[in-house]
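Work the whole structure out from these sequences, hints included.
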Amino acid sequence: ERTGLELEIITRETEARYAARGCASLADPHAEGVLLFDIGGGSTELVWLTRSSQTSKPSLQHWTSLELGVVTLAENFGGRIVDNQIFSAMKHHAIEALKHFVQATGEAKRCSRFHLLGTSGTVTTLAGVHLGLERYDRWRVDGLWMSDSDATRAITRLRSMNFEQRVANGCIGPQRADLVLAGCAIFEAIRETFPANRTRIADRGLREGMLLELMEADGALFPSN
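Here the sequence shown stands for residues -2 to 222, numbered as in our numbering.
Honestly, the hints are just simulated from the structure, not real lab data.
One thing to keep in mind: the hints can contain errors.
Unchecked claim - Simulated pairs of lysine to aspartate or glutamate, DMTMM-like, Cα-Cα distance not exceeding 20 Å:
{"hint": "1", "residue 1": "Lys96", "residue 2": "Glu10"}
{"hint": "2", "residue 1": "Lys96", "residue 2": "Glu185"}
{"hint": "3", "residue 1": "Lys96", "residue 2": "Glu189"}
What you are looking at is a predicted structure, and each value in this text was computed from that prediction instead of being measured.
Below is the structure:
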(Lines of atoms letter the chains of each structure in order from A and count residues from 1; the text may use other names and numbers.)
(Lines give C-alpha, C1' and ligand atoms only; values in the text may rest on other atoms or scores of the structure.)
Protein backbone atom coordinates (compact mmCIF):
# COMPACT_ATOMS: atom_id res chain seq x y z
CA GLU A 1 0.00 0.00 0.00
CA ARG A 2 2.83 2.41 0.84
CA THR A 3 4.60 1.88 -2.49
CA GLY A 4 1.47 1.82 -4.64
CA LEU A 5 2.72 -1.26 -6.45
CA GLU A 6 0.19 -3.77 -7.73
CA LEU A 7 1.05 -7.43 -7.20
CA GLU A 8 0.05 -10.06 -9.72
CA ILE A 9 -0.35 -13.61 -8.44
CA ILE A 10 0.48 -15.95 -11.30
CA THR A 11 -0.99 -19.40 -11.80
CA ARG A 12 1.08 -22.58 -11.80
CA GLU A 13 0.53 -22.89 -15.54
CA THR A 14 1.89 -19.37 -16.06
CA GLU A 15 4.87 -20.23 -13.87
CA ALA A 16 5.55 -23.31 -16.02
CA ARG A 17 5.25 -21.22 -19.20
CA TYR A 18 7.66 -18.57 -17.90
CA ALA A 19 10.19 -21.23 -16.89
CA ALA A 20 9.94 -22.83 -20.32
CA ARG A 21 10.38 -19.48 -22.04
CA GLY A 22 13.41 -18.64 -19.93
CA CYS A 23 15.17 -21.94 -20.65
CA ALA A 24 14.04 -22.61 -24.22
CA SER A 25 17.27 -21.38 -25.79
CA LEU A 26 19.15 -24.22 -24.07
CA ALA A 27 17.04 -26.93 -25.73
CA ASP A 28 18.94 -28.97 -28.30
CA PRO A 29 17.60 -27.85 -31.72
CA HIS A 30 17.86 -31.44 -32.99
CA ALA A 31 15.91 -33.01 -30.12
CA GLU A 32 12.43 -34.41 -30.76
CA GLY A 33 11.42 -33.55 -27.24
CA VAL A 34 12.72 -31.93 -24.06
CA LEU A 35 11.56 -32.53 -20.51
CA LEU A 36 12.08 -29.33 -18.53
CA PHE A 37 11.91 -29.67 -14.76
CA ASP A 38 12.18 -27.16 -11.94
CA ILE A 39 12.60 -28.70 -8.49
CA GLY A 40 11.48 -26.07 -6.01
CA GLY A 41 10.98 -25.92 -2.27
CA GLY A 42 7.29 -26.81 -2.13
CA SER A 43 6.57 -27.92 -5.68
CA THR A 44 8.16 -29.35 -8.80
CA GLU A 45 7.17 -28.15 -12.25
CA LEU A 46 7.51 -30.42 -15.29
CA VAL A 47 7.07 -29.24 -18.88
CA TRP A 48 7.24 -31.40 -22.00
CA LEU A 49 8.49 -29.35 -24.94
CA THR A 50 8.49 -30.28 -28.61
CA ARG A 51 9.92 -28.30 -31.49
CA SER A 52 7.41 -26.84 -33.93
CA SER A 53 8.16 -27.64 -37.56
CA GLN A 54 6.79 -24.25 -38.58
CA THR A 55 8.64 -21.95 -36.18
CA SER A 56 11.47 -24.28 -35.06
CA LYS A 57 10.85 -22.93 -31.54
CA PRO A 58 10.14 -25.27 -28.60
CA SER A 59 6.43 -25.37 -27.80
CA LEU A 60 4.75 -26.49 -24.59
CA GLN A 61 2.84 -29.76 -25.04
CA HIS A 62 2.21 -30.96 -21.48
CA TRP A 63 2.87 -29.52 -18.07
CA THR A 64 2.19 -30.28 -14.44
CA SER A 65 2.99 -28.88 -11.02
CA LEU A 66 3.55 -31.50 -8.35
CA GLU A 67 3.00 -30.69 -4.68
CA LEU A 68 6.45 -32.07 -4.04
CA GLY A 69 9.63 -30.12 -3.36
CA VAL A 70 12.90 -30.31 -1.48
CA VAL A 71 11.49 -28.68 1.66
CA THR A 72 8.35 -30.83 1.84
CA LEU A 73 10.32 -34.01 1.13
CA ALA A 74 13.03 -33.18 3.69
CA GLU A 75 10.40 -32.35 6.30
CA ASN A 76 8.64 -35.68 5.73
CA PHE A 77 11.71 -37.92 5.53
CA GLY A 78 14.55 -35.93 7.08
CA GLY A 79 17.31 -33.98 5.38
CA ARG A 80 20.35 -34.02 7.65
CA ILE A 81 20.90 -37.77 7.99
CA VAL A 82 19.87 -39.53 4.78
CA ASP A 83 20.84 -43.19 4.62
CA ASN A 84 20.13 -45.54 1.70
CA GLN A 85 16.73 -46.53 3.08
CA ILE A 86 15.58 -42.93 3.52
CA PHE A 87 16.88 -41.90 0.09
CA SER A 88 15.10 -44.85 -1.53
CA ALA A 89 11.86 -43.95 0.25
CA MET A 90 12.11 -40.33 -0.93
CA LYS A 91 12.73 -41.45 -4.51
CA HIS A 92 9.81 -43.89 -4.43
CA HIS A 93 7.54 -41.14 -3.09
CA ALA A 94 8.58 -38.90 -5.98
CA ILE A 95 8.06 -41.66 -8.56
CA GLU A 96 4.51 -42.15 -7.29
CA ALA A 97 3.88 -38.41 -7.63
CA LEU A 98 5.06 -38.52 -11.26
CA LYS A 99 2.62 -41.21 -12.41
CA HIS A 100 -0.14 -38.91 -13.61
CA PHE A 101 2.29 -36.86 -15.70
CA VAL A 102 3.69 -40.05 -17.24
CA GLN A 103 0.17 -41.03 -18.30
CA ALA A 104 -0.48 -37.55 -19.71
CA THR A 105 2.64 -37.51 -21.87
CA GLY A 106 1.91 -40.99 -23.24
CA GLU A 107 3.77 -41.63 -26.46
CA ALA A 108 5.76 -38.41 -26.19
CA LYS A 109 8.05 -39.77 -23.47
CA ARG A 110 9.09 -42.64 -25.72
CA CYS A 111 10.51 -40.50 -28.53
CA SER A 112 14.00 -41.60 -29.50
CA ARG A 113 15.77 -38.24 -29.27
CA PHE A 114 15.01 -36.23 -26.16
CA HIS A 115 16.94 -34.83 -23.25
CA LEU A 116 16.30 -33.46 -19.80
CA LEU A 117 16.63 -29.76 -19.03
CA GLY A 118 16.91 -28.91 -15.36
CA THR A 119 16.58 -25.53 -13.71
CA SER A 120 16.83 -25.52 -9.92
CA GLY A 121 19.25 -25.35 -7.05
CA THR A 122 19.45 -29.14 -7.08
CA VAL A 123 20.82 -29.50 -10.60
CA THR A 124 23.06 -26.43 -10.45
CA THR A 125 24.54 -27.76 -7.20
CA LEU A 126 25.10 -31.17 -8.82
CA ALA A 127 26.80 -29.45 -11.75
CA GLY A 128 29.12 -27.60 -9.40
CA VAL A 129 30.00 -30.84 -7.61
CA HIS A 130 30.53 -32.56 -10.96
CA LEU A 131 32.93 -29.81 -12.05
CA GLY A 132 34.74 -29.90 -8.71
CA LEU A 133 34.20 -26.18 -8.11
CA GLU A 134 35.44 -24.75 -4.83
CA ARG A 135 32.82 -22.03 -5.14
CA TYR A 136 29.73 -21.97 -7.32
CA ASP A 137 30.31 -20.33 -10.71
CA ARG A 138 27.19 -19.58 -12.74
CA TRP A 139 29.16 -18.96 -15.93
CA ARG A 140 30.56 -22.49 -15.87
CA VAL A 141 27.32 -24.15 -14.85
CA ASP A 142 24.66 -22.50 -17.03
CA GLY A 143 24.34 -24.48 -20.26
CA LEU A 144 26.49 -27.39 -19.07
CA TRP A 145 25.69 -30.84 -20.47
CA MET A 146 25.87 -33.75 -18.03
CA SER A 147 25.73 -37.34 -19.23
CA ASP A 148 23.68 -39.92 -17.37
CA SER A 149 26.86 -41.30 -15.80
CA ASP A 150 28.00 -37.76 -14.85
CA ALA A 151 24.75 -37.23 -12.95
CA THR A 152 24.99 -40.62 -11.26
CA ARG A 153 28.55 -39.96 -10.08
CA ALA A 154 27.67 -36.49 -8.76
CA ILE A 155 24.68 -37.82 -6.82
CA THR A 156 26.75 -40.70 -5.45
CA ARG A 157 29.39 -38.23 -4.28
CA LEU A 158 26.79 -36.07 -2.56
CA ARG A 159 25.21 -39.07 -0.87
CA SER A 160 28.61 -40.08 0.49
CA MET A 161 28.95 -36.76 2.34
CA ASN A 162 27.65 -36.29 5.86
CA PHE A 163 25.78 -33.14 6.86
CA GLU A 164 28.89 -31.29 8.02
CA GLN A 165 30.71 -32.08 4.77
CA ARG A 166 27.78 -30.77 2.75
CA VAL A 167 27.76 -27.58 4.81
CA ALA A 168 31.48 -27.12 4.14
CA ASN A 169 31.13 -27.66 0.39
CA GLY A 170 31.30 -24.33 -1.45
CA CYS A 171 28.59 -25.33 -3.94
CA ILE A 172 26.15 -26.37 -1.21
CA GLY A 173 26.67 -24.45 2.03
CA PRO A 174 24.47 -24.33 5.13
CA GLN A 175 21.41 -23.09 3.24
CA ARG A 176 21.10 -26.23 1.10
CA ALA A 177 22.92 -28.87 3.14
CA ASP A 178 19.72 -30.35 4.58
CA LEU A 179 17.74 -30.05 1.31
CA VAL A 180 20.05 -31.11 -1.50
CA LEU A 181 19.62 -34.87 -1.03
CA ALA A 182 15.84 -34.52 -1.18
CA GLY A 183 16.36 -32.71 -4.48
CA CYS A 184 18.64 -35.51 -5.66
CA ALA A 185 15.91 -38.05 -4.86
CA ILE A 186 13.42 -36.11 -6.99
CA PHE A 187 15.97 -35.83 -9.80
CA GLU A 188 16.63 -39.58 -9.59
CA ALA A 189 12.89 -40.23 -9.82
CA ILE A 190 12.65 -38.06 -12.94
CA ARG A 191 15.66 -39.79 -14.52
CA GLU A 192 14.22 -43.22 -13.75
CA THR A 193 10.79 -42.32 -15.10
CA PHE A 194 12.10 -40.49 -18.17
CA PRO A 195 15.42 -42.21 -19.03
CA ALA A 196 17.61 -39.87 -21.07
CA ASN A 197 21.26 -39.99 -22.05
CA ARG A 198 21.96 -36.43 -20.96
CA THR A 199 20.74 -33.46 -18.98
CA ARG A 200 21.37 -29.81 -19.70
CA ILE A 201 21.77 -27.54 -16.70
CA ALA A 202 20.12 -24.12 -16.64
CA ASP A 203 20.90 -21.37 -14.16
CA ARG A 204 18.00 -19.40 -15.53
CA GLY A 205 14.26 -19.85 -15.80
CA LEU A 206 11.26 -18.08 -14.31
CA ARG A 207 12.68 -14.55 -14.02
CA GLU A 208 14.24 -14.67 -17.48
CA GLY A 209 10.99 -15.97 -18.95
CA MET A 210 8.99 -13.16 -17.33
CA LEU A 211 11.47 -10.59 -18.62
CA LEU A 212 11.35 -11.98 -22.17
CA GLU A 213 7.54 -11.89 -22.23
CA LEU A 214 7.46 -8.32 -20.88
CA MET A 215 10.02 -7.23 -23.47
CA GLU A 216 8.06 -8.90 -26.25
CA ALA A 217 4.81 -7.30 -25.09
CA ASP A 218 6.51 -3.88 -25.19
CA GLY A 219 7.97 -4.53 -28.64
CA ALA A 220 11.49 -4.39 -27.23
CA LEU A 221 12.41 -7.98 -27.98
CA PHE A 222 11.34 -8.15 -31.60
CA PRO A 223 10.98 -4.53 -32.73
CA SER A 224 9.06 -3.99 -35.95
CA ASN A 225 10.91 -2.52 -38.93
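Going down the list of hints, with the structure as the test:
The hinted pair formed by Lys96 and Glu10 meets the criterion: a straight-line CA distance of about 19 Å does not exceed 20 Å. Taking the CA atoms of Lys96 and Glu185, the gap is near 14 Å; set against the 20 Å cutoff, the hint holds. Restraint check for Lys96 and Glu189: satisfied, since their Cα atoms lie roughly 12 Å apart, inside the 20 Å limit.
Consistency note: the structure conflicts with none of the earlier hints.
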